Each structure stands twice: as structure tokens, then as C-alpha cells.
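Visitor: Chain by chain, the residues:
2 protein chains.
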Amino acid sequence: MIDPQRLEDYLGATLAGPALGDTPPGLADAVRYAVFPGGARVRPRLVMAVALANGDDQPGLTDAAAAAIELLHCASLVHDDLPAFDGASLRRGKPSVHVTFGQSLAILTGDALIVHAFKILGMVGAQAPDRLPALLSIVAGGVGMPGGIVAGQAWECEKNVELSQYQQAKTGALFAAATMAGAAAAGVDPNPWRTLGQCIGEAYQVADDLLDTNGDALTAGKPVGQDQSHDRPNAVQQLGRGKCTQRLRSLVEEALESIPSCPGEATLRTLIGQESEQFMKLALSRPAAA
Amino acid sequence: MIDPQRLEDYLGATLAGPALGDTPPGLADAVRYAVFPGGARVRPRLVMAVALANGDDQPGLTDAAAAAIELLHCASLVHDDLPAFDGASLRRGKPSVHVTFGQSLAILTGDALIVHAFKILGMVGAQAPDRLPALLSIVAGGVGMPGGIVAGQAWECEKNVELSQYQQAKTGALFAAATMAGAAAAGVDPNPWRTLGQCIGEAYQVADDLLDTNGDALTAGKPVGQDQSHDRPNAVQQLGRGKCTQRLRSLVEEALESIPSCPGEATLRTLIGQESEQFMKLALSRPAAA
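The listed protein sequences derive, respectively, from chains A and B.
For what it's worth, this note's numbering labels the leading residue of the first sequence as 2, then goes sequentially.
For what it's worth, this note's numbering labels the leading residue of the second sequence as 2, then goes sequentially.
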């Protein structure tokens, strides 16, 4: 089984005082504020689960890949919350980074987290240099151009957006990077693992859209109704609640069916099934808000 | 000799339409706007010069390292120009990215350039995987925490700043990364190459401070008097013009003396001497502005 404490310990160590050394204290504080306490840590747990299902013979590389994916996710949250985008004042149940530390440090916090993610990969890469190029390409692909989360956010600046392309970049790409990075860290071909991440990512996005239209800020840990107020593509508004619920269920099915043959296949399937049940319950149980 | 066109070709190809694929058009345009036409491209030319002086047996890796360093520099300019920092409306003689594309795309442009820099390294890393971990650590170290350019920018958010620590992070770190990356790309020990980069970087920073206090926007290609209006540490304000000029000359001397023994040592020394003369002339020739 995955040990969530293993990830927290790794993240804690890589952002602790000694690791950050002479970093300006404000930046160091803001970076830690952005990462702790975490949300569900779904993406890094996915990295670790896929690596574990494939033998996890280089746990140091797995930890670094998982942490890198989580730091990149945190960076995107910090920048997305800025007034230039969502202007969200609440994140993970507390004031967002720019509210607490100001916009300058919030921008730099995102930048620093992105760089730190790649730095971590470089630091452990020498343990298995043959796996590093693929891992680096996978992680960068999940975040950058053409179809990573930064590109996904940039679709919000465009007049004409196709919903599935937007969602794939905004959410699916980093989930796909997570499953593929788990495979690459364990030394197996990452490509067959792409569909699993994409399906879970799209399912999460649909669930998030349902929560944004039907949930409340307490459940979501962030403001709701954001898509409508920012005129952003939202699956519920485009397809309706019924079709979204159906789509959510079929994405989870597709995810489970896509799991490639591997030593830990059964355990991984059980784990993903349980997690999916939990987030489906959260997304579907709320009555429509008034 | 270094062929500057080789770098421009590489940058052009990695940011051309086919390479950026389905990137949202606004982001693709903004990213290219941030990189072309370039400034002096001092840092990537330093990468290439040091690699060349050491045999340059993996030119693909050298090109990627040089381009990565330049993209990271461009990213820092885009973010530094934002209203949350300098609020500079002019950069390299044209409106800055946020003026032309808006703040949202400017933030994303910086993010995308940072990620693209690391993506490039991953793409060529397979050519020489044994050199990739060091290269990655060097490049990330020049940009991130504790002492890279993002940390340097974050010192501007602190009340108590030591000038040399600030300048080393804000400018010296990426120059040190440039010389070290050139060595690492060519497969030689990068550490003896740190001093050269640090000295050139600090010299550039002092020259930039002189230009900011004495130059005009046309020569600088950006607004001047920024340090004073933003209450930022500036060597001229702290040490006076005379001591700064002296410091600039001694840094260039120190840089030239630090060049490690290598096959192309003489050519490299001549090149750095000539370039230093040029930027010293620019920084020292302007009369104090009214």
C-alpha cells in the first residue's frame, strides 16, 4: 500500500530550513504555506501507486517524481488564484498565498515551486540516469506547452475554446504525467499508462465542475460558482447535470479498464476504485445550491 | 568561434509553430514575443563559449543548455516587468509582455518559458544521460531556491537585504549557471567554472546599476532610474560612481584570471575580454542624466 506519510516526509524535507538554506525568509515561508497542509495529494499518490504496482525498484526516484508533480500542482494553484486569473481568496480552507503574502511573493512562489520540482528530479536523477530523460519530458509535458496545465490555463484567455481540449490540458495532462511518471520511475514503458491518468484527470475535472455548480465553499475548500462568474468552460453548464454524472461514471469505468498488466494490478485497481468512489460521492451528493 | 545564428536557429525551432503544436495561440504568440528579438544573449553565448573551449563534443546538449538558460532569463524579465514588481512598460525597446498581452498571459508566459527550458533539457538528455543530472541541477540552481534569480527577485520583498547576496542571486547565479552548464554539457567538471560566471554576472549587475543611474531608456532598451523609484539596492547609490567603476574593472580582471585550463583557453580569454570591454564602455560612457 502507499504510505502517505512517505510523501509528506519527502516534501517536508525538501522544503525545510536546511534544504532551502539562504532562501529569502518571505519566499521560504510562502512556499511552505503553499504546500502545507496539502489537499488530497491525489496526483503524487497516483505516481506512487503506479510505481508500486510496477515494483518500485528506485523508491528515491519515485518520491522525487511524486513530489515534483505535487509541487507543480501547488504552483498552478498559487498562480491560478491570483487576481489576474480567479482572484480566489480561499484555497484549501485558508487565505490564498497572494492574500497572505502579497502578489509579488505569490508570483515568485509559483516560479520557485516550478523550478524546485525540476531541481528535485536533477538531484535524484544520478541514481538512475537512464530513466531521467523520460521522466523529465513527462513531467514537463504535463505542465508546459503545448498541452500541459499552463497551456490549459492559457485557454481561459482565448475566445474560442473546445471543452475537452481545455479540460485535458487544464487537468488531464498532469494526471497523465502522474501515472506515466510512476511507470517511468519504476523503469517500465510509460506510454501504456497515459490513458489511466487522462481518464482519472477528466473525471476529477467533471467532479470539480459539479462541485463548482452544486457544492459549497466549505466542502470544496475554495470559492464555488467560479466558472460561471469567470465565464469559464464548465461541463455542467455545457452538458447538464445528468449527462455529467453519466460521463463521470463512464470515465471511472474507462480508467479501471485501462490499467495495463503489471505485478500489482489487482491492488492498484482496488485502490483506484475506492478513491474514485469517494470523490464521486463528494461530487454527486450535494443538492443543487439555491 | 561561437556562431550566434546557431542559438537563434535553435530558439526559433523550439518555439516555432510545429514545436508548440496545439499551444493556445495567445500563449504561443506571447512566448515568442518574449524571446524574439533577443537582447545581447550574453548568458547563452557564455554557455556556448565555455562548451566550445572544452571541445563541445555534444553540441546538441550545448545548444539545449544555452537555450534553456536564455528562456529562463526571458521568463524572469517577463515576470520582473509585471506591475507587482517593476511595472516596467518597456523591454528590449518594445512594450513589455504584460502591456501587449495582458497580465494573465504575461504570468503564464513566464511559467511556460520556465517549463520549456527544462523540457528542452529532457529532450536532448537521452543523448548523454550521464551529463543530464548535473546539467539539470546547475540550471535549476541558477533560477530557484536558495540562491537563483527567483530568490534574487524575492530579496526585493525583504526589509533587510545585503547587497552582495542580493546581486549574486539576482544576476550572478544565472551567469554562474551559464559557465557551469557549458562545462557540464561538454562533459568536464563544472565547479572550476563557477567563479568566471559569478564575476561576469556581478560585473554585469554593476554595469546595469551604472546604466540605471546614468543611462537613458534608449541605450538601456528599458526604463532607467528604476532602482531608485522602487527603492531597490543599487551599487551606485550604495558605493558611489567612482568605487563602482573601480569594482567593475576589478571584476572583469578577476573573471579573466579565473578561466580554468582548457583546450580553448586563449580564444575564450580573448572573447570574454572583448565582450567585457564593450559593456564597460556602454556603462561608463554615459554622462549623468539630468
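These are computed hints drawn from the structure, not numbers from a lab.
Bear in mind that the values here come from a model prediction, so they are computed numbers and not experimental data.
Heads up, a few of these hints could be off.
[Said to hold, decoys possible] Per the computed footprint, the stretches of chain A lying under chain B, defined by three or more beta-carbons under 8 Å from a beta-carbon of chain B, are:
1) 109-123
2) 157-171
[What the hints assert, rightly or not] Restraint-style ranges between C-beta atoms, simulated for each label pair:
3) 4(A) with 56(B): 29 to 35 Å
4) 274(A) with 93(B): 50 to 56 Å
5) 238(A) with 58(B): 43 to 49 Å
6) 56(B) with 262(A): 56 to 62 Å
7) 93(B) with 229(A): 37 to 43 Å
Ideal placement from N, C-alpha and C gives every residue a C-beta, glycine not left out.
Visitor: Each hint needs a verdict: does it hold in this structure or not?
Guide: Status of the hints after comparison with the structure:
1. 109-123: Our answer is that it holds, as 11 residues pass the Cβ test (under 8 Å) against chain B, meeting three.
2. 157-171: Since three or more residues must qualify, the claim that chain B covers the region 157-171 of chain A holds, with 4 doing so at under 8 Å.
3. 4(A) with 56(B): 29 to 35 Å: Violated, since residue 4(A) and residue 56(B) (Cβ atoms, about 46 Å apart) do not stay within the stated range.
4. 274(A) with 93(B): 50 to 56 Å: At 54 Å between Cβs, range holds.
5. 238(A) with 58(B): 43 to 49 Å: The hint (43 to 49 Å, Cβ to Cβ) is violated, given that residue 238(A) and residue 58(B) are roughly 57 Å apart.
6. 56(B) with 262(A): 56 to 62 Å: 46 Å, violated
7. 93(B) with 229(A): 37 to 43 Å: This hint holds: roughly 40 Å between Cβ atoms.
Violated hints for the displayed structure, listed by number in ascending order: 3, 5, 6.
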